[in-house]
Amino acid sequence: MLISNLEILPNQTIVKHLGLVQGSSVRAKHIGRDIMAGLKNLFGGELKGYTELLQESREEAMQRLQLQAEALGANAIINVRFSTSSIAQGAAEIYVYGTAVIIE
Amino acid sequence: MIYQLIFVLILLILAYFIGTHLEKKHYKSIIEREKKLNALPAIAIKTPPTDGNFQQQLVLGSVTISVDYFKRFLASLHNFFGGRVTSYETLLDRARREALLRMKEAAMEKKATLILNVKYETASIYKGRNSTIGSVEVLAYGTAMIPYE
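Heads up: the protein sequence lines correspond to chains A and B, in order.
One point on numbering: in the working numbering, the residue at position 70 of the first sequence is 408, and numbering is uninterrupted.
One point on numbering: in the working numbering, the residue at position 52 of the second sequence is 53, and numbering is uninterrupted.
Derived by calculation from the structure, the hints in this document are not laboratory data.
Even for Gly, the Cβ is constructed at its ideal location relative to N, Cα and C.
Warning: the hint list may mix true and false statements.
From the derived model, a few chain A residues whose C-beta atoms are all more than 12 Å from chain B [what the hints assert, rightly or not]: (1) Gln350; (2) Ala409; (3) Gly411; (4) Ala430.
Computed cross-link-like contacts, PhoX-like style, restricted to lysine-lysine with a CA-CA straight-line distance of at most 20 Å [claimed, not checked]: (5) Lys26(B) x Lys37(B); (6) Lys25(B) x Lys36(B); (7) Lys112(B) x Lys386(A); (8) Lys36(B) x Lys26(B); (9) Lys112(B) x Lys26(B); (10) Lys386(A) x Lys25(B).
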């Protein structure tokens, strides 16, 4: 499946728009990572555990986005946007949305 | 009471030296990699080039960086007096540049020659005491244009 954050696809024509599709994932960090992050917070620097955690949940959100698009019969998703929000102290929500289309 | 004060002071001094060292190291690596990846343009334009045959793919780069204890202390002072909070400025600058570099590295691996419609997404994911920002996550994403072979 073609996923892009452009609105126009070069050399390809959009046959049909199928509307908005979305995928989201809420994840919390486990306590071990939290303790390590607390230590890292003291001296600054990259929090690798968090980077990985957010990457994983972003992948999951994108999978859900693709599933939804496939269910609609689309073969491409264009104009994809990401959004992150921390909804609670220990959890973050990753949200992906885009337009499902059929291309030739 | 006095022991507590000494403990905090030691922590502040430690955090200052280690934090400054880590930041300098990070900036050095950022500048080095930026020079190397300068050949791959990442732009915020939406319209794809009309000439050439491209395949496109979404590329992402993300990083989570936190400030050190000393800088957070400084920032809380700044909160009182107002003015520029340099410690957070460098934090965000580092995070954005690092995220862009990671995105470019991911695009490089796919042999892309151009990245279009680059967007940033910032979130503060860890809030410390008094809801001061402890660390930020920055995501950079765009569409990599990969020429057909």
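We went through each hint and held it up to the structure:
The Cβ of Gln350(A) does not lie farther than 12 Å from every Cβ of chain B; its closest approach is about 9 Å, which violates its non-interface assignment. Even its closest Cβ contact with chain B, about 20 Å, leaves Ala409(A) beyond 12 Å, as expected for a residue assigned away from the interface. No Cβ of chain B approaches the Cβ of Gly411(A) within 12 Å, the least distance being about 21 Å, so the stated non-interface status holds. Taking the minimum C-beta to C-beta distance to chain B, about 5 Å, the non-interface status of Ala430(A) is violated against the 12 Å cut.
Under the criterion of a C-alpha separation no larger than 20 Å, the hint pairing Lys26(B) with Lys37(B) is consistent with the structure, at around 17 Å. At most 20 Å may separate the alpha-carbon atoms for a hinted pair to count; Lys25(B) and Lys36(B) meet this at roughly 17 Å. At most 20 Å may separate the alpha-carbon atoms for a hinted pair to count; Lys112(B) and Lys386(A) exceed this at roughly 26 Å. Between Lys36(B) and Lys26(B) the alpha-carbon distance is near 16 Å, which keeps this suggested pair within the 20 Å criterion.
For the proposed pair Lys112(B) and Lys26(B), the alpha carbon gap of about 28 Å is over 20 Å, so the pair is violated. Between the alpha carbons of Lys386(A) and Lys25(B) the distance comes to roughly 18 Å, so the proposed pair stays at or under 20 Å and holds.
In this structure, the earlier hints numbered 1, 4, 7 and 9 are contradicted, and the remaining ones agree with it.
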